[in-house]
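Protein sequence lines correspond, in order, to chains A and B.
Quick note, the first sequence lines up with residues 1 to 448 if you use the working numbering.
Quick note, the second sequence lines up with residues 1001 to 1390 if you use the working numbering.
Keep in mind that the hints are not guaranteed to be accurate.
So, partial list: chain B residues that the calculated Cβ filter (under 7 Å) puts toward chain A [said to hold, decoys possible]:
| hint | residue |
| --- | --- |
| 1 | 1102 |
| 2 | 1131 |
| 3 | 1336 |
| 4 | 1337 |
For the record, the hints were derived by calculation from the structure and aren't laboratory data.
In this text, all values refer to a predicted model and were calculated from it rather than measured experimentally.
For glycine and all other residues, C-beta sits at the position ideal for the given N, C-alpha and C.
The chain contents come next:
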Amino acid sequence: MNAIAQPLKKANRLKTSSLNNKMVNDYWTDVFNAKAEGKLVCWYEGVAINPLMQAADIRWVHGEAWSALLAARNNEQEAQTAAEHRGYMKELCSYARTHIGCGVLAQNRGVEASGSSFSDALGAGKLGERIPAPDMFISAYPYCSTGQQWDEMLFRLFGKKVPIFNISVPWVWGNKPDAIYLGGTEFNEAKQYMVKQLRACTKFIEEQTGKKYNWDSLGEIMSYTKTAGRLRMEAMELCNAKPAPASFFDWTTSLAPVNFIPGGPGIVEYFEKTKAEIVQRIADNEGGIPQEKYRLFWDGIMNWNKIGWLANKFANYDANMVAGRYTHMGFWHEHESIDLNDPLEGMAVNYLVCPINLSAPLMIEQIIKLCKHYEIDGMVLHAARTCRAFSNPQYLIADAVQKRLGLPVAMIEGDMVDESFYKDELVNSRIEAMLESIEARKRVGIAA
Amino acid sequence: MSIDAIYSAFERAAEQPLESAKAWKQTHGTRVVGSFPMHFPGELAHAAGCLPVILQENHEPITVGHGMIYPFYCGFTRSVVDQACKGDYDFLDAIMFGDHCVQVLGAADVVRAKLPNTRVHFYQLISSMSDPWSLGRARETFLNLKEGLEEMIGHPIDEEATHASIRLFNKNRQLLRKLYDLRRAGDARITAKQMQILVKSSMVMDKAAHNDLLGRLLAEIEKTKAISQRGMRVYLSGHFCQSPKIGVLDMIEECGGIVVDDDLYHGQRYISTDVDETGDPLDALAKWYLERNLKVPCPTRVDQNADWENYLLDAMERSRADGMIVLMAKFCEPHMYYYPEIKEAFEKRGVPHLLIETEHELNSFEGLRTRVETFLEVVKRQSAARRIAA
Ligand code: SF4
Ligand code: SF4
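Looking at chain A on its own, in the form it has when it is part of the complex (with noise of 0.2 Å):
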């Protein structure tokens, strides 16, 4: 493998990435006036509830994307120091370490932890910016059992004096012989179940808020959310040209406006300005990367740590990752069974078929899907240390992509946001073994 002595390649990022920065930045401000403007906060992590506030006016704080923001701008040191010395150890996952250390300085710095006094949880001087004390806290945490504690020990953190609703996503596994990607008996239980919980839901909300519940609202937001999701799984399927016009590495930067970014025509405009980019390299023929000789798909949980990084060094394999697991799996990509007039059931199908809540003979069908339709030379199974729920699954995806699609497989490990987990050279020697077999594959002339 001589990638390495060739002059550094750089990714061919889409440039209308920048624009999501925008909308992230405005939502955090958002964030950091909430109480100088009056707003009541939730606290939340996992599958993407937040159209639930929005609809009700209440302004949210996403656990992991807070993780990953201070991950990305290297401001998660201080905030994992601070759990560590609360005892907190190290192979606790990252993202919920992170987070529950920024409660922690809140309560080392003396504030009152519920009520509107307390108003910063992050050191102000740090981000330059401040974080608000819950409100209350909403858990729906899909498959983890560790995203469900995370909230609950934040609960316990703030003195179990802030409110706290359980939303309990049943795991999609399948006793029955009639299961199916969306469907069988177990399936549409779930659903029924997980929508009878998302009422509720609203219902703890109008008992924050004291107001009615704004279903318009919600139904409006929906729309916007809707078509959000719908054009970004177009932009994204239209990534199996050759070059692919972008990486995965472009759909993890844009998660947040399918994430935990405010529905509204944002959002929509943000995706229609990917798709057109998209369409513009396709006609242009210009890659996500510049030579595209490998497609790959990743699978696993990103890491924010590197991801600027990773991008770099997988074009400089002249390796196009081309599609994922964490992008291509989740985040309103079941956008069709969303019925706006009665948008709650639509949301529950996504929630319940996000990236870890399939079980793996399920989860592995759609993952050999996307290998077919992207046409994927080679996979790379980056197994976070300290997400268990992204890792479980991945000695069984990597045997069978092997043995159907005979796809070389290359597992690094790495991490979310703790970056001593990731170990560089042992990833190099990984991937360019990958890269050797891929090429060994073409020698003697076995498509992909």
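Position chain B with the ligands relative to chain A; hints supplied.
For chain B with the ligands alone, coordinates are given in the frame of chain A:
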């Protein structure tokens, strides 16, 4: 039967759970249903004429399993995957489980993939315990489990049989709790190792046979007068799905600790709560499931009405323990999450505790000995100071 002979019988089952279940299956012709810890009830499978067995971490080095699960998982899940890969579970007629610790879910997917001809069924127990629908949901889950079992055996489970199983299981818990009471009061000398094999064998043996042996043990114990012991009274906490290694328990006692009580899963956690013997059995099981978490709070659940740290402080007082040793299985997320709450509460109250992390691969405990000795020394000084102050 002598006391030693009785303990040996328990130990055989506890140490070779699969062998013992296999032998039972051969001699009795019953189906064997495996389950994962920690909340799944065995009563319904028993009522369906099966032998319910809680799958255990074994002592084997993890070899084949390495190819199916990452090393950064708790010993229990890695061991379960390893056993499935080695074909150890092939004799089971079904695996039915309901807990959703994220690591168990990972193991479950692999187990199902490795046992294509076995029913590996998931009946997800609601883990949020204090919601308005928690009780109803738990009942629905037990109903689904009942139907799953009925489908396997090909006929309905008799309600009277379910009541009988509930009575049998209650009896088992009561007998074990009696042994705990005797030990706590100093009326019986039961080592931590002995207590573990008593409870662990209950997880894998036929309950009637287990009750019979427990009855004999109690009769023998009541005949002998316990010799009073000198040493620091220690409370053991933690270690969920897997039993702590016997070597750790022995070492603690060799250092001068007397284990007087615990909240271990292979201990009080497993036997804390009985099921109502009257009324609808599914209602009773659902109620039992929620009550159990109030009796001995579990950090794998979220429950606004339970506080593990306060429970532990109270339990320490009840058992007049001088110090607590927390045994934490490496990589156990629920435990890692909750530990700071315990640490804070204990430090605030001035109650000494020591955290020990354990690993599947850890077989020599000498490295820990000094820490335990030092801890017990501190505990001794503190309790002496307390006595003087009082
Ligand atoms: S371990 Fe992964 S899935 Fe679980 S809470 Fe953390 S980031 Fe989310
Ligand atoms: S609760 Fe702890 S010991 Fe049990 S499976 Fe989960 S991580 Fe392992």
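Hint-by-hint comparison with the structure:
1. Because the beta carbon of residue 1102 of chain B sits about 5 Å from the nearest beta carbon in chain A, less than 7 Å, this interface hint is met.
2. For residue 1131 of chain B, the interface hint holds, the least distance from its beta-carbon to any beta-carbon of chain A being 6 Å, beneath 7 Å.
3. Because the closest C-beta pair between residue 1336 of chain B and chain A is about 5 Å apart, less than 7 Å, the hint holds.
4. Taking 7 Å as the C-beta contact cut-off toward chain A, the hint placing residue 1337 of chain B at the interface holds, the least distance being around 5 Å.
Hint check: no violations occur; every hint is consistent with the structure.
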